[in-house]
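Participant: If you read the protein sequences in the order shown, they are chains F, Y and R.
Residues are numbered in the working numbering as their position in the first sequence, beginning at 1, plus a constant of 702.
Residues are numbered in the working numbering as their position in the second sequence, beginning at 1, plus a constant of 34.
Residues are numbered in the working numbering as their position in the third sequence, beginning at 1, plus a constant of 847.
The hints are simulated quantities; they were obtained by calculation from the structure and are not laboratory data.
Quick reminder that beta carbons are idealized off the backbone N, C-alpha and C, glycines included.
One or more hints might be untrue.
In the DSS-like style, the derived pairs of lysine-lysine whose C-alpha atoms are separated by at most 25 Å in a straight line are [stated by the list, open to error]: (1) Y:224 - R:882; (2) F:858 - Y:224; (3) R:882 - Y:141; (4) Y:141 - F:773; (5) Y:224 - F:780; (6) Y:137 - R:1042; (7) F:921 - F:933; (8) F:773 - Y:137; (9) R:1042 - Y:141; (10) R:882 - R:981; (11) F:756 - Y:224; (12) F:779 - Y:141; (13) F:858 - F:756; (14) F:773 - Y:224; (15) F:773 - R:981; (16) F:779 - Y:278.
Heads up, incomplete: computed chain F residues facing chain Y, CB under 8 Å, no partners named [unchecked claim]: (17) 714; (18) 755; (19) 793; (20) 794; (21) 804; (22) 807; (23) 810; (24) 913; (25) 924.
Pair ranges (Cβ atoms, derived) [unchecked claim]: (26) Y:360 - F:833: 31 to 39 Å; (27) R:1013 - F:741: 46 to 54 Å; (28) F:771 - Y:168: 53 to 61 Å; (29) F:906 - R:935: 44 to 52 Å; (30) Y:115 - R:938: 52 to 60 Å; (31) Y:215 - F:779: 40 to 48 Å.
Chain by chain, the residues run as shown.
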Amino acid sequence: MSLLQVQEVTMRFGGLIAVNDLSLEIGRGQILGLIGPNGAGKSTAFNCVAGLYKPTEGRILFDGEDVTGQKPWDLCKKGLARTFQIVKPFQSMTVLDNVTVGAFAVTDHRDEARDRAMEVLRLLGMGGKGRALPGSLTIADRKRLEIARALATDPKLLLLDEVMAGLRPTEVDEMIDIIRALRERGMTIFVIEHIMRAIMALSDEIVVIHFGQKICRGKPEQVARDENVIKAYLGENYGTA
Amino acid sequence: MTQQEFKRNCLIAVTLAAFALPLVVRSATYLHILIILYLYAYMTTTWNLVGGFAGVLPLGHSVFVGIGAYTSTILWLQYGISPWIGMLVGAVLAAGVGYLIGKPTLKMRGAYFALSTMAFVEGIRVMVENIDMLGPLKLNGPRGLNIPPLQMGEGSFWAFQFSSKEPYYYIILTMLVAVLAMTSAISRSKMGYYLKSGGEDPDAAQALGVNVARYKVAAMVISSFLTALAGTFLAQLTLFIYPKSVLTLDLSFELAFIALIGGRGSIAGPIIGALLLRPVTEFSRIYFSATLPGLHLIILGVVLIVVMLYQPRGLTEPLLRIFDKVAARFAPALPDTPDTPDTPDTPDSPDSPNSPDSPNLPDTPDAPAGPDTQGTPAAPGATASASPREERP
Amino acid sequence: MDPVFLAQDCINGVLMGLIYGLVALGLTLIFGVLKVINFAHGSFLMVGMYVAYWAVTLSGLSPYPALVIIVPAMFLFGYWVQHLLIRPIFIAEKNVREPITVIIVTTGLWYVLDNLALLVFGPDYRALNPNPLKGQMLEMGEIIVSVPKLYGALATLATAGGLHLFLQHTRLGRAVRATSLDREAASLMGIGQWKIFNIAFGIGTAVAGISGAVLTPFYNVYPTVGIPFDIKSFVIVVLGGLGSIWGALVGGVIIGLIESIGPNFMTSTWTEGIVYALFLLVLFVKPSGLFGQKQDW
């Protein structure tokens, strides 16, 4: 059974339909990519899944349970973690403390939480930066911090919202490695990404949305060949990382 | 002696000195000034639990002081119940009121909470000023309540009245030390982390499993409870309370100012704020109130603006930096602390015994992320060219 | 109750309420654009009252011509307060949508202004002298209307109407509205966010100045005169909906009516309690206020 099922979800803001009758599912251990031109409704769809918005219509099932409209903190405890497109570190807290906040989802004890946070930081190659303040980090490290915090909550499903935007090509390669490593550990990952090279390399399957509607779903190479997709989107951007 | 130990010893020395102070300071006047100083530090510390940690701005904390003062006083005057018991009753009552104010408003952002706390104080003050009898309870309107002193020279623990200043001194100092220990424990606990993160960025905190509003309400309840204890103390110290002394915006704002100038959200902030501001207030009240009325409030306002513009996290941070330098002269800097390992590139086994609850994380050091992402303190791009990524299928 | 008395109380309540609304108007306008509460608003009103007082005392004119000085002076004052004191906080906390620090800084400003006034002018209550409008009444049958209050109410309507026209029909006004809806989008349209903030703060302060001027003929001037108006304005803007111009007027009238009709039924000191109770009720039941749009609070 799939870990996440999005069933006919529609999200309206006033008269604007941001997501229109979107359905998709992610199997356990899968990496699903979500792409689409700017303003296609990717982030809104993400926010519906993560509990920030309650969808106007439709249902969201996580791990077999209907979680439509549940609050982000409850979803997090159930094993659904997300990153934000615009990173949101807690500026006055050290990197380690930032990640420790996430780790408290798993344990109530500070020492355990800190150990866990340290472990996640090491995994992401930030073991030496625990004491730094987020403001002093490079963009790549801030993106990693964002992932580290989410990972510390011990998620089953990780939603990554454009974690590669603004990175240099070498940094993108590293990020791809990190995400693959997570998948190899059995984590299920749902990715929004603009960098085509990355999403093509990572995803088991890709869903393309345009004006809030799904226009294509398939393996990366199928999507890349799809007429509608090329028309809507890839024609201009494919290959330019 | 490590720096850590040096700092801890300093802390112990200061605490002991504070307890020993009445042996040296015999003057009742000076002791009274110190008592008031500690009282403000206490109330500001309890304010800081909400205003500092939870990142909101309560501007009506005097309502809890008032509830504490009125509850214990009424119970003592009308029913002969010891103020010590009244203190607890008042605190429980205040906690309930704190919940009532916080529950609906802490879900919303900033301004609403600040405004409703203000409205609450003003509303309660108007109420008390207009009521002589509330059912069987005598509030005595704007005239307030007098606690008749025991016979001259007599003190009684049960009556919370003492013939000299020393007992008051020790009571408030003990309360202050206890509440400081408590806030520092909270700030290092899950609750502290959750409050701080929720105060800084609610969206991000919620995504990490923090029910921000619930933790803020919890902080508000604890803070209201503790603040009310100070109300009873104040009533027993002055033996006279009236609406304009304990239920005012002035007191509420002063607590906020002390905390903000000292440093919101830091443990030492309220102490440093009270140490800096109370003397200025007392001094200018005594010497300038006739010739230059309001001068101390102008100074306060200017200091507040300047601190907010140039040192928005308060004056404690720069002062602590100076202290760090002093400490560094007396004790060698620690190469490392147990909490924050500085040794990034040791691929030590992540499946250490204290983390059995992480099934989703790689449990071997050579996870496919490869050595390049495993531990690179240098810029990430620097090692990427050596990445074995391309070689993997 | 005698219907004539009731009608009299209602008229007094509406007139005074509209003037309360005028004070709140400045506050709500600033909030609408900057999303911060200016705690020094009452002190700005106080400054306006002193300027009007001295203008009248020195020139002997009525306070209304003095608006020619007061409005631009107060506008510039607000403009520079925002530029020098508030803008740096927005820059420092650019990720925070609603920096609480602004409340603190404006509270500091409130303390400074009120106590400077105390230092300079002393604690005396000053009545306008000469007061060309002193005790002027308009008699309509059995009902008596105070002329300066009537002028004040008319000034409120004129100011609100003028602001409405400005916001809806001028290029600058539309820019102000765009900024209030979405700071980034407005910046993308080539509108300087800081300039708009300065202007909005300046207009809000000028409105406080107008309220000060229209109050002087029937309200004493003293250093802390702003505080009761300040707190009332907070109540009014929440009641009417933070950011809503017409909500401010309606909220003001509600408060005015409670204050004028209430004393028939209870001790007059209790009416203040009713106002706070109503405020808390609105806050708990419909926090967006009577006319506010639902915001992402």
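Participant: For each hint, tell me whether it holds in the structure or not.
Facilitator: Hint-by-hint comparison with the structure:
{"no.": "1", "hint": "Y:224 - R:882", "verdict": "32 Å, violated"}
{"no.": "2", "hint": "F:858 - Y:224", "verdict": "22 Å, holds"}
{"no.": "3", "hint": "R:882 - Y:141", "verdict": "17 Å, holds"}
{"no.": "4", "hint": "Y:141 - F:773", "verdict": "13 Å, holds"}
{"no.": "5", "hint": "Y:224 - F:780", "verdict": "19 Å, holds"}
{"no.": "6", "hint": "Y:137 - R:1042", "verdict": "38 Å, violated"}
{"no.": "7", "hint": "F:921 - F:933", "verdict": "18 Å, holds"}
{"no.": "8", "hint": "F:773 - Y:137", "verdict": "17 Å, holds"}
{"no.": "9", "hint": "R:1042 - Y:141", "verdict": "32 Å, violated"}
{"no.": "10", "hint": "R:882 - R:981", "verdict": "39 Å, violated"}
{"no.": "11", "hint": "F:756 - Y:224", "verdict": "28 Å, violated"}
{"no.": "12", "hint": "F:779 - Y:141", "verdict": "20 Å, holds"}
{"no.": "13", "hint": "F:858 - F:756", "verdict": "21 Å, holds"}
{"no.": "14", "hint": "F:773 - Y:224", "verdict": "20 Å, holds"}
{"no.": "15", "hint": "F:773 - R:981", "verdict": "61 Å, violated"}
{"no.": "16", "hint": "F:779 - Y:278", "verdict": "48 Å, violated"}
{"no.": "17", "hint": "714", "verdict": "21 Å, violated"}
{"no.": "18", "hint": "755", "verdict": "12 Å, violated"}
{"no.": "19", "hint": "793", "verdict": "7 Å, holds"}
{"no.": "20", "hint": "794", "verdict": "6 Å, holds"}
{"no.": "21", "hint": "804", "verdict": "5 Å, holds"}
{"no.": "22", "hint": "807", "verdict": "4 Å, holds"}
{"no.": "23", "hint": "810", "verdict": "5 Å, holds"}
{"no.": "24", "hint": "913", "verdict": "26 Å, violated"}
{"no.": "25", "hint": "924", "verdict": "20 Å, violated"}
{"no.": "26", "hint": "Y:360 - F:833: 31 to 39 Å", "verdict": "21 Å, violated"}
{"no.": "27", "hint": "R:1013 - F:741: 46 to 54 Å", "verdict": "32 Å, violated"}
{"no.": "28", "hint": "F:771 - Y:168: 53 to 61 Å", "verdict": "44 Å, violated"}
{"no.": "29", "hint": "F:906 - R:935: 44 to 52 Å", "verdict": "50 Å, holds"}
{"no.": "30", "hint": "Y:115 - R:938: 52 to 60 Å", "verdict": "55 Å, holds"}
{"no.": "31", "hint": "Y:215 - F:779: 40 to 48 Å", "verdict": "31 Å, violated"}
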